[in-house]
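A.B. asks: Residues per chain are reported as follows:
Protein chains: 2
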Amino acid sequence: MRILITGAAGMIGRKLTARLMADGKLNGRKISQLDLQDIVPPPATVIPAQAGTQLAINSLRDKKLDPRLRGDDEGGDGDNGFKITTHVGDLAAAGTAAGLVHHKPDVIFHLAGVVSGEAEANFELGYRVNLDGTRALFEAIRAAQISPRLVFTSSIAVFGAPFPVVIPDDFHLTPMTSYGTQKMMSEALLADYARRGILDGIGIRLPTICVRPGKPNKAASGFFSSIIREPLVGLPAILPVPRDVVHHFTSPRTAVNFLIHAAGLDGNAVGPRRNLTMPGVGVSVQEQIDALGRVAGPQAVALIEERPDEAIWSIVKNWPTRFAATRALALGFEAEKTFDEIILRHIEDELK
Amino acid sequence: MRILITGAAGMIGRKLTARLMADGKLNGRKISQLDLQDIVPPPATVIPAQAGTQLAINSLRDKKLDPRLRGDDEGGDGDNGFKITTHVGDLAAAGTAAGLVHHKPDVIFHLAGVVSGEAEANFELGYRVNLDGTRALFEAIRAAQISPRLVFTSSIAVFGAPFPVVIPDDFHLTPMTSYGTQKMMSEALLADYARRGILDGIGIRLPTICVRPGKPNKAASGFFSSIIREPLVGLPAILPVPRDVVHHFTSPRTAVNFLIHAAGLDGNAVGPRRNLTMPGVGVSVQEQIDALGRVAGPQAVALIEERPDEAIWSIVKNWPTRFAATRALALGFEAEKTFDEIILRHIEDELK
Chain A
1 MRILITGAAG MIGRKLTARL MADGKLNGRK ISQLDLQDIV PPPATVIPAQ
51 AGTQLAINSL RDKKLDPRLR GDDEGGDGDN GFKITTHVGD LAAAGTAAGL
101 VHHKPDVIFH LAGVVSGEAE ANFELGYRVN LDGTRALFEA IRAAQISPRL
151 VFTSSIAVFG APFPVVIPDD FHLTPMTSYG TQKMMSEALL ADYARRGILD
201 GIGIRLPTIC VRPGKPNKAA SGFFSSIIRE PLVGLPAILP VPRDVVHHFT
251 SPRTAVNFLI HAAGLDGNAV GPRRNLTMPG VGVSVQEQID ALGRVAGPQA
301 VALIEERPDE AIWSIVKNWP TRFAATRALA LGFEAEKTFD EIILRHIEDE
351 LK
Chain B
1001 MRILITGAAG MIGRKLTARL MADGKLNGRK ISQLDLQDIV PPPATVIPAQ
1051 AGTQLAINSL RDKKLDPRLR GDDEGGDGDN GFKITTHVGD LAAAGTAAGL
1101 VHHKPDVIFH LAGVVSGEAE ANFELGYRVN LDGTRALFEA IRAAQISPRL
1151 VFTSSIAVFG APFPVVIPDD FHLTPMTSYG TQKMMSEALL ADYARRGILD
1201 GIGIRLPTIC VRPGKPNKAA SGFFSSIIRE PLVGLPAILP VPRDVVHHFT
1251 SPRTAVNFLI HAAGLDGNAV GPRRNLTMPG VGVSVQEQID ALGRVAGPQA
1301 VALIEERPDE AIWSIVKNWP TRFAATRALA LGFEAEKTFD EIILRHIEDE
1351 LK
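As they're listed, the protein sequences go chains A and B. Just so it is clear: in the first sequence, position 284 is 284 by our numbering, and no numbers are missing. Just so it is clear: in the second sequence, position 120 is 1120 by our numbering, and no numbers are missing.
Incorrect hints may appear among the rest.
[Unchecked claim] Stretch by stretch, here's where chain A covers chain B in the computed footprint (C-beta under 8 Å, at least three residues): (1) 1167 to 1176; (2) 1184 to 1192.
[To be verified] Label pairs and their in silico Cβ distance ranges: (3) B:1093 x A:344: 51 to 59 Å; (4) A:308 x B:1330: 46 to 54 Å; (5) B:1329 x A:284: 32 to 40 Å; (6) A:95 x B:1317: 34 to 42 Å; (7) A:29 x B:1040: 48 to 56 Å; (8) A:338 x B:1197: 37 to 45 Å; (9) B:1267 x A:162: 13 to 21 Å; (10) B:1330 x A:165: 19 to 27 Å; (11) A:162 x B:1022: 37 to 45 Å; (12) B:1329 x A:102: 47 to 55 Å; (13) B:1329 x A:307: 42 to 50 Å.
If you're looking for bench data, these hints aren't it; they were derived computationally from the structure. Because the structure is a prediction, the values reported are computed rather than measured. Ideal Cβ placement from N, Cα and C applies to all residues, glycine included.
Could you put the whole structure together from the sequences, leaning on the hints where they help?
C.D. replies: Following this line, the structure appears as structure tokens:
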């Protein structure tokens, strides 16, 4: 089983890499090779993997890189016996994608992308990375004639306001950001390439990941994590939107579970509609804060300061709320049931 | 008022050109310049326009081209006093689109594209023309900072089976052809570019055009016209699909009316959902044939031969049936009410 991960240096990419290194297998088959691509060097490769052991994810961050790994490098065998290769480069640049599929991966996790805030601020970068990068990868797969299972991380940003209270699977796609537009276009490509048998694609529309570990990134959704993550370690946090904003969340651990589950799905059971909205926990900001209070007490809640931000609000107000995710649930995707559970997973995975 | 038409040599492009040359104005403003682009020379420019006179459309076909018009050429003033320039070139090629928007058109009709059957048969050509060509045009507009009204001809092929009996405006987009995928992706671009103010776009999802004049093209939908057009002039026609297939039609004249109406719409009244499903006549093949019998008698109907074609059926069976087109009707788009009317318009416009 050969696996390629694009965007492997990102938060989900690092957690997925750690999970695969720990498991040593995917879809019941032993992993023989793991290719990690990102525009910056993926740090995970320097972590020795113990087969069957869950790695502490925090240890993957800010780890000093082995100088041999700066640039494309044939890494040695992992401790669990598979080869890890890192690839540093722009997926949209000529030749990059062809180099990545050269080893004929059986499964590709296509995670590479710039986040919503950045795609909105930088029009050209967003289209280049989120659309051209995806298309370049798909085209390289077509040229290589390998038809791998390809799991693509799309986003609930493909949907646009106004929304019903609970959004059904067949809600129309009217994104209201460039990021959502790029994800929608990539989903359309994935479905067409899958229909033609060029690749065996599954698009998963991830809920907003919460609690996102580490430092804030440029995602407009960053505050949803900050108001939990910072108070849990005694730091202040800013809430830039009204407390009645409802949004749809999943933990990083569950997001990785979604990816692993998608890799093993029977494509025939999925059918021609290859893009699936993932289940999650739909709660208001107030309900998030109430859960924080239950888990960490009123002193944590007191660290949240309301400071309205028009730029963030203008994006977030058009975001979806709760999803039915009927198809994904029927296909066996499992999410948290409460926001308390999401906070507890963060504490287990990041703060122990 | 400066106008650019891409795909001006196509059937709709020629009819739109003739209409604009006859009207001499658009949105109540006098036309000062008309730029006609296609990958083949647009023949319409050789027709002397009489302001206020409806040109006979048939005369635009197979007209021998003035040799000066083979290639980019500054045409002289039309008889009604506006300048017509033809541009022959591939919209997706570097520099073509920039050259087209050089004159800062106020209104652009973006019609260029390859049809469904061709996009399905030739994967690379379809993406190049239908997606890359559109994006190149939009990017040239962004670079020129002109924000024109841009009317884009999308298609009901953005929708995919299974369908409800009447398809609502907010039905989800799950195309089942590469053509539909390319139109869906172009719609997404149009909405995002419009949201950012780069262009003032309106996408109109045209029903299948019927009766399409002239010779059959590579569209999988060709037989819908053939079974009417050929018998009306005493020729045999082939029906490759079952008679209970229901589909959504509009005449060429009405399609041109849609384009003209879209050019004058108030963008604020349209709102952020810039892609509109057009109204049309939803009938079964049997109802088409019944209308032909009413208009032209049983001897015309007898010229239709049923000869099932699996390749055509595999595409057509996933096509939509009837549309509500609620938003378009509210915005003043008007269609035929019966298929008899569609046949009579064909006779008026093409056979007199």
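A.B. asks: Can you let me know if the beta-carbon spacing of residue 95 of chain A and residue 1317 of chain B is within 34 to 42 Å?
C.D. replies: 40 Å, holds
A.B. asks: Cβ-Cβ distance between residue 1329 of chain B and residue 307 of chain A: within 42 to 50 Å?
C.D. replies: The hinted range 42 to 50 Å holds for residue 1329 of chain B and residue 307 of chain A, with Cβ atoms some 46 Å apart.
A.B. asks: Is 19 to 27 Å right for how far apart the beta carbons of residue 1330 of chain B and residue 165 of chain A are?
C.D. replies: 25 Å, holds
A.B. asks: Are there at least three residues in the segment 1167 to 1176 of chain B whose beta carbon sits under 8 Å from a beta carbon of chain A?
C.D. replies: That given contact holds, which follows from 7 residues of the segment 1167 to 1176 of chain B lying within Cβ reach (below 8 Å) of chain A.
A.B. asks: Could one say that the CB atoms of residue 1329 of chain B and residue 102 of chain A fall in the range 47 to 55 Å?
C.D. replies: 54 Å, holds
A.B. asks: Determine whether the Cβ-Cβ distance between residue 1093 of chain B and residue 344 of chain A falls within the hinted range of 51 to 59 Å.
C.D. replies: With a Cβ separation near 57 Å, residue 1093 of chain B and residue 344 of chain A satisfy 51 to 59 Å, so the hint holds.
A.B. asks: Starting from the range 32 to 40 Å, see whether the pair residue 1329 of chain B and residue 284 of chain A falls in it by beta-carbon distance.
C.D. replies: Given about 38 Å between the Cβ atoms, the range holds.
A.B. asks: Could you tell me whether the CB distance from residue 162 of chain A to residue 1022 of chain B stays inside 37 to 45 Å?
C.D. replies: For residue 162 of chain A and residue 1022 of chain B the Cβ distance comes to about 42 Å; the hint holds.
A.B. asks: Evaluate the given range 13 to 21 Å for the C-beta pair formed by residue 1267 of chain B and residue 162 of chain A.
C.D. replies: Hint holds: Cβ distance 19 Å, inside 13 to 21 Å.
A.B. asks: Do residue 338 of chain A and residue 1197 of chain B keep their Cβ atoms within the hinted range of 37 to 45 Å?
C.D. replies: 42 Å, holds
A.B. asks: For the segment 1184 to 1192 of chain B, count the residues whose Cβ lies under 8 Å from any Cβ of chain A; is that count three or more?
C.D. replies: holds (count 6)
A.B. asks: Check the following: the C-beta atoms of residue 29 of chain A and residue 1040 of chain B are separated by a distance inside 48 to 56 Å.
C.D. replies: 53 Å, holds
Checked against the numbered hints given earlier, the structure breaks only hint 4 and satisfies all the rest.
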